[in-house]
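Under this note's numbering, the first residue of the sequence shown is numbered 1, with each subsequent residue one higher.
These are calculated hints, taken from the structure and not from any lab test.
Check the hints yourself; a few may be wrong.
What the hints assert, rightly or not - Below, a list of computed lysine-lysine pairs in the DSS-like style, where the Cα atoms sit at most 30 Å apart:
1) K357 x K336
2) K127 x K203
3) K7 x K71
4) K240 x K228
5) K175 x K71
6) K357 x K228
7) K71 x K127
8) K228 x K336
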Amino acid sequence: MAEILFKEGPMAGRRLTLSSERYTLGRRPDLDLPLDDAMASAEHAQLRFEDGAWSVVDLGSSNGTLLNNAKVRSSRLVPGDLIQIGGTSFVFHDGAAAAGIDARADELALVEKMRDHADRIRREVGKVIVGQREVLDQVLMCILANGHALLIGLPGMAKTLLVRTIARVLNLQFKRVQFTPDLMPGDIIGTDVLETNSATGEKVFRFIRGPIFCNLLLADEINRTPPKTQAALLEAMQEKMVTAGNTSYTLDEPFFVLATQNPIEQEGTYPLPEAQLDRFMFNIWVDYPAPHEEEEILRSTTGGARVEPQPVLTQADVLHLQSVVRKIPVSDHVIKYVTRLVGATRPQSANAPQVTKTYVSTGAGPRAGQYLILAAKAMAILEGRIHVSCADIRRAAPPVLRHRILTNFAADSEGLTPLSIVKKLLEEVPEPGPEAYTAAAPPP
Numbered sequence: 001m002a003e004i005l006f007k008e009g010p011m012a013g014r015r016l017t018l019s020s021e022r023y024t025l026g027r028r029p030d031l032d033l034p035l036d037d038a039m040a041s042a043e044h045a046q047l048r049f050e051d052g053a054w055s056v057v058d059l060g061s062s063n064g065t066l067l068n069n070a071k072v073r074s075s076r077l078v079p080g081d082l083i084q085i086g087g088t089s090f091v092f093h094d095g096a097a098a099a100g101i102d103a104r105a106d107e108l109a110l111v112e113k114m115r116d117h118a119d120r121i122r123r124e125v126g127k128v129i130v131g132q133r134e135v136l137d138q139v140l141m142c143i144l145a146n147g148h149a150l151l152i153g154l155p156g157m158a159k160t161l162l163v164r165t166i167a168r169v170l171n172l173q174f175k176r177v178q179f180t181p182d183l184m185p186g187d188i189i190g191t192d193v194l195e196t197n198s199a200t201g202e203k204v205f206r207f208i209r210g211p212i213f214c215n216l217l218l219a220d221e222i223n224r225t226p227p228k229t230q231a232a233l234l235e236a237m238q239e240k241m242v243t244a245g246n247t248s249y250t251l252d253e254p255f256f257v258l259a260t261q262n263p264i265e266q267e268g269t270y271p272l273p274e275a276q277l278d279r280f281m282f283n284i285w286v287d288y289p290a291p292h293e294e295e296e297i298l299r300s301t302t303g304g305a306r307v308e309p310q311p312v313l314t315q316a317d318v319l320h321l322q323s324v325v326r327k328i329p330v331s332d333h334v335i336k337y338v339t340r341l342v343g344a345t346r347p348q349s350a351n352a353p354q355v356t357k358t359y360v361s362t363g364a365g366p367r368a369g370q371y372l373i374l375a376a377k378a379m380a381i382l383e384g385r386i387h388v389s390c391a392d393i394r395r396a397a398p399p400v401l402r403h404r405i406l407t408n409f410a411a412d413s414e415g416l417t418p419l420s421i422v423k424k425l426l427e428e429v430p431e432p433g434p435e436a437y438t439a440a441a442p443p444p
């Protein structure tokens, strides 16, 4: 609530809360705010609340209205402004604006501390997982951007252990579902069970929640279950709710799906349809460890007891960071670059490079651009920054685009993968130059 505090004049020391939208100040006793001040005009000035902000307006007074020691006819007010009317002066305060400033200051402080938090998260995860720094960073980016990730890697690459450890370090409720060919949607969502009411003897249905009611769901080997069961995740991933029978249930926030998939074992599997692949923000490749990392793995996993990782953030911290990610500003330059990069993946586009027209059958949709920007924002927060650059977009491009580009027979015959095409596009698509900002000349 806005208020004024009188500093000089007959009302010095008094505080007035501005509960109406207009106050007229002057010597006349019938005004909204009469001033017992001989130096003030009969109707000297007005305080008005218009378009969401307060302003001061001089009403043609004889000696003028001063704002911060300068005469004004009409001016918007900000907290701390000093207004002088005749021999009376007062300071304008806006509690809502001050609260907003305090909130922004808290958010900036949180972003600055996030670099230290990220280092602590890496250290705690590193107690269990050796290496995989880029994989961990990409998973954290997904979580901060409120997205979902698909982890693809060979068996024994600690994908499941990595997800479980991240859930512990972020203090998230974790559940794991092993996807098998006989898994049914009810095994994930939950089911209605017919029971007898002990008080009335009537038959009633009671919904028993499935494992999807958690903060972090690990869908292990998601391609081993039929499409009917895979599709049970679609509503949860997009709408953060599930439907059983005629009733919809909202999932608790935060909610993430991290799914794993084996890239070589294809017998008896059901590849994810493109519509569901597009729901995953990132496609994260979990590669072999480096030789020195593998030595450390062998040393630490065949010896004594493991050290348990400790929580670094809370669920409330994660939700707060997710809201801050949305507030990180993005320049038009970055947005234009994202539009160019995503458009370059579409072979039907007039500006598509030759590599796209030759080797791509289907390009990325608008969701790819949204995820590129959100991923870049999350990356900036992980590094304690409040600005996004095209370099952030380039770093986020491989995991965002590799599962949204479909190659044709020519690419398959030459051994070109979607990832190799993404790398070529990053080399060929330039950042916008001055010509991109030249506005059309107005008509004469």
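Comparing the hints with the structure gives:
1. A C-alpha spacing of about 21 Å is found between K357 and K336, which places the hinted pair at or below 30 Å, so the restraint holds.
2. Note on K127 and K203: the hinted pairing is violated, with a Cα-Cα distance of about 52 Å set against a maximum of 30 Å.
3. A distance of roughly 18 Å separates the Cα atoms of K7 and K71; the hinted pair therefore holds under the 30 Å criterion.
4. Taking the CA atoms of K240 and K228, the gap is near 19 Å; set against the 30 Å cutoff, the hint holds.
5. The suggested pairing of K175 with K71 is violated, with an alpha-carbon distance near 66 Å, which exceeds 30 Å.
6. For a cut-off of 30 Å, the pair hint linking K357 to K228 is broken: about 34 Å separates their Cα positions.
7. Proximity of K71 to K127 is assessed by CA-CA distance (about 65 Å); at most 30 Å being required, the pair is judged violated.
8. Of the pairs offered as hints, the one joining K228 and K336 is violated, with about 39 Å between alpha carbons and a cut-off of 30 Å exceeded.
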